[in-house]
Amino acid sequence: MVSRDEFIPLPEDVFRLLRDLISDYCGIYFDDDSKYLIQRRLSRRLKILQLENFRDYYRFLLYDKKKEEEFSAIIDVLTVNETYFFREQNQLNAFIDEICEELKNLKKDSRIIRIWSAGCSSGEEPYTIAMLMLERAHYFDGWNIEIIGSDINQRVLQRARKGIYKANSFRTTDEYYIRKYFEEVQGGFKIKDEVKKLVSFNCLNLLDPSKVRLIGKVDVIFCRNVLIYFNTDAKKKLIDNFYQILSEGGYLLLGHAESLISISTAFALKHLKSDMVYQKPRKAVVSMSDETLFKLVWGR
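For the sequence shown, position 26 (counting from the first letter as 1) is numbered 107 according to our numbering, and the numbering increases by one without interruption.
There could be a bad hint or two in this list.
[Unchecked claim] Ranges between beta-carbon positions, derived for each pair:
| # | residue 1 | residue 2 | range |
| --- | --- | --- | --- |
| 1 | 350 | 112 | 26 to 32 Å |
| 2 | 255 | 147 | 42 to 48 Å |
| 3 | 191 | 216 | 19 to 25 Å |
| 4 | 147 | 187 | 44 to 50 Å |
| 5 | 145 | 255 | 18 to 24 Å |
| 6 | 343 | 281 | 30 to 36 Å |
| 7 | 363 | 247 | 40 to 46 Å |
| 8 | 220 | 121 | 46 to 52 Å |
| 9 | 295 | 191 | 15 to 21 Å |
| 10 | 170 | 350 | 16 to 22 Å |
| 11 | 291 | 191 | 35 to 41 Å |
| 12 | 140 | 216 | 28 to 34 Å |
| 13 | 183 | 137 | 52 to 58 Å |
| 14 | 125 | 146 | 18 to 24 Å |
[Said to hold, decoys possible] The calculated BS3-like cross-link candidates involving lysine-lysine, where the alpha carbons are at most 27 Å apart (straight line), are:
| # | residue 1 | residue 2 |
| --- | --- | --- |
| 15 | 351 | 364 |
| 16 | 298 | 271 |
| 17 | 318 | 278 |
| 18 | 273 | 247 |
| 19 | 147 | 351 |
| 20 | 185 | 261 |
| 21 | 188 | 354 |
| 22 | 243 | 261 |
| 23 | 189 | 354 |
| 24 | 277 | 298 |
| 25 | 292 | 261 |
| 26 | 185 | 147 |
| 27 | 189 | 351 |
| 28 | 148 | 292 |
| 29 | 261 | 278 |
| 30 | 298 | 185 |
| 31 | 189 | 317 |
| 32 | 271 | 261 |
| 33 | 271 | 317 |
| 34 | 128 | 116 |
| 35 | 247 | 292 |
| 36 | 261 | 247 |
| 37 | 188 | 364 |
| 38 | 292 | 317 |
| 39 | 292 | 271 |
| 40 | 298 | 148 |
Keep in mind that the hints were calculated from the coordinates and are not lab data. Note that beta-carbon positions come from the ideal geometry of N, C-alpha and C, so glycine has one too.
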């Protein structure tokens, strides 16, 4: 641990350069009050890289061939990955009781439902979704359910793939789910394979549209308590990326402290029994009489 006396000085102009560079890379924005936090947490990175000052560190992030690895390290030390199973229960109720009901009718031909947990941290959210879907296995018998978890932080994704959790992750989890879907191991509780096989994990920058497109079309996006870290421009880019890969009629579920006000008008706010969610509107199907079609084709 770097002591206070060992913090490397961070000039005001370099702080702003670093802040903007980090924001451009991943969308996370730090205001002027965050200067001390960045200085404190990144001083250790400079020592590891054997750099003398933050100006050299800024140049490293611009030009060094290992800059992508260092951005991952920055995100690891600057972000808080606080999450737990069955978070925001009302929204989960809306998902399993109402959204899935609609998707079953909408997707009855393909019998495929794809769900993306964007910014999944250590995996509690996508595993929660998987457990809920397993509880409805009889309802989706013969269906292909695919759940994707993504995060920009490699360290938390390693924890997600490992699937071992301590008591803090179960603060709102009913004992029923712990008994059914976990097994006690040294160091905590391990998620069972029947849950893990429904979920795949990917390291992904949500602001990179080329990487987001690799996810493919999805029917539901969970992105809860992620937008709160982004500035307005980054939020707009992120929501546009979501819109591009959501299927028509697909749903976007944000955190309760988040909304699309002043960010996007492309989604419709839908009031469900348990919660409010956003939906990508389906294109209207216009039917025409033979006479109207004839006039359009022949101009008569």
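message: Does residue 261 sit within 27 Å of residue 185, going by the straight-line distance between their CA atoms?
response: holds (25 Å)
- prompt: Does residue 292 pair with residue 271 here, judged by a C-alpha cut-off of 27 Å?
  reply: violated (30 Å)
- request: For the pair we were handed, residue 261 and residue 247, check the Cα-Cα distance against 27 Å.
  value: holds (16 Å)
message: If I claimed the Cβ atoms of residue 291 and residue 191 lie 35 to 41 Å apart, would that claim hold in this structure?
response: violated (25 Å)
field: Given hint residue 185 paired with residue 298 - CA-CA distance at most 27 Å
entry: holds (16 Å)
message: For the hint 18 to 24 Å, verify it against the beta carbon of residue 125 and that of residue 146.
response: For residue 146 against residue 125, whose Cβ atoms are near 22 Å apart, the range 18 to 24 Å holds.
Whether the CB-CB distance between residue 255 and residue 147 falls inside 42 to 48 Å: holds (45 Å)
field: 16 to 22 Å as the expected CB spacing between residue 350 and residue 170, which holds or is violated
entry: holds (20 Å)
message: With the threshold set at 27 Å, check whether the alpha-carbon distance from residue 298 to residue 148 stays at or below it.
response: Distance ~30 Å between residue 298 and residue 148 Cα, so the pair is violated.
- prompt: Is the hinted pair residue 292 and residue 317 satisfied, with a Cα-Cα distance of at most 27 Å?
  reply: Holds: residue 292 and residue 317 sit about 17 Å apart, inside 27 Å.
- request: Given the hint that residue 128 pairs with residue 116, test it: the Cα-Cα distance must not exceed 27 Å.
  value: Holds, at roughly 18 Å.
query: Does 40 to 46 Å hold as the CB distance between residue 363 and residue 247, or does it fail?
result: The hinted range 40 to 46 Å holds for residue 363 and residue 247, with Cβ atoms some 43 Å apart.
In the structure shown, a violation is registered for the earlier hints numbered 5, 11, 12, 16, 17, 19, 25, 26, 31, 33, 35, 39 and 40, in ascending order.
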